[in-house]
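J.: Sequence order for the protein chains is A and B. Residues 1366 to 1525 (the numbering used here) are what the first sequence spells out, left to right. Residues 211 to 341 (the numbering used here) are what the second sequence spells out, left to right.
Every clue listed holds true.
As a list, the in silico EDC-like pairs of lysine to aspartate or glutamate whose alpha-carbon atoms are at most 16 Å apart:
(1) A/1495 with A/1396
(2) B/271 with B/284
(3) B/291 with B/261
(4) A/1413 with A/1475
(5) B/258 with A/1475
(6) B/271 with A/1456
(7) A/1501 with A/1379
(8) B/268 with A/1456
(9) A/1477 with B/254
(10) B/318 with B/224
(11) B/268 with A/1464
(12) A/1477 with B/252
(13) A/1477 with B/259
(14) B/317 with B/225
(15) B/257 with A/1456
(16) A/1418 with A/1468
(17) B/286 with B/266
(18) B/313 with B/225
(19) B/271 with A/1464
(20) B/268 with B/284
(21) B/286 with B/259
(22) B/245 with B/299
(23) B/313 with B/235
(24) A/1496 with A/1396
(25) B/258 with A/1456
(26) B/313 with B/224
(27) A/1495 with A/1395
(28) A/1508 with A/1379
(29) B/286 with B/254
(30) B/308 with B/235
Where chain A lies over chain B, by a calculated footprint (3+ residues, C-beta under 8 Å):
(31) 251-257
(32) 261-271
(33) 284-295
If you're looking for bench data, these hints aren't it; they were derived computationally from the structure. Since we're looking at a predicted model, the values are computed, not measured. Positions of the beta carbon are idealized from the N, C-alpha and C atoms, including for glycine.
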Amino acid sequence: MSQQQEEQKAIPLDKLTPQQLLQIKKQIEEEVQQLTQSLSQFRIANSKYEESKIILKKLDQTPKDNDLLVPITASLYVPGRLINPQSVMIDYGTGYFVERNTEQGSQFCDRKLQLLKESQDKLTNIINQKKQFMDKLNIELQKRVMQVQQIQQQMQQQKK
Amino acid sequence: MAEQVQMLQSKIEDESKLLQTLQREMQKYVEGRQKLIEQSHENEMVKKELDLLEPDAKVYKLIASVLVQQTLQESKENVSKRLDFIGKEFKKVEDLIKENTNKQITKKTSVQKMQEQLYQIVQAYQQSLNK
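From just these sequences and the hints, can you work out the full model?
T.: Here you go:
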């Protein structure tokens, strides 16, 4: 990402035509939009893990042999009993599941949250860099507009 | 001259079609490469988590709709093998991408040359008319 930016800086902005500047601006705007969408997906994943942690804590407090309803399908529930509130099955990914207790489950969530936070920070950094570059582009575009206005004014004065 | 022009034009058309096929191929390669990167990430994460487990931890694998118990050792080996496989596939795709890029460059240069030739022929003919 930073390599791309360096390449763009290597071509000084004042040497680009206004159309090129507009093109680059559109491109960067699209990129920023996509990245912001990814960022919101991160937030959703974040809240899911936080929710899981809360549920694990509640599980700890539920007594054994508690009555509950077990979902068989999306609309069919069957009455059941909570046999072991301490054991939970964790989806590790790629089809692997591990049986752990609630404490270890909570630690797993913490680790995932940590990973998410790191990725989110990187992403926010990149988005900010792109926004800064867009600001530079906008300043350059404004300069061009002013230049054109100046030339027009001069031409009008010459006609008089 | 008309024959030459026609020949060149049809050659340019053929080469451009080949170029388009190459570009479509390239898209598939890039998509495949992206998928491999995703899979590699997921498997890396699973490997890290498995490394944190104690040896008697109960690990289950999802086979069809059934959770089958596996030993920690088996699971770790399985994930390592998957990562190796993904690494090999990744290298293959990268080589294919390199090859495709080179082919595209050669095609583009040959199309450019032919277009230049065409331009020169047409120019020479126009000049001969003006005389």
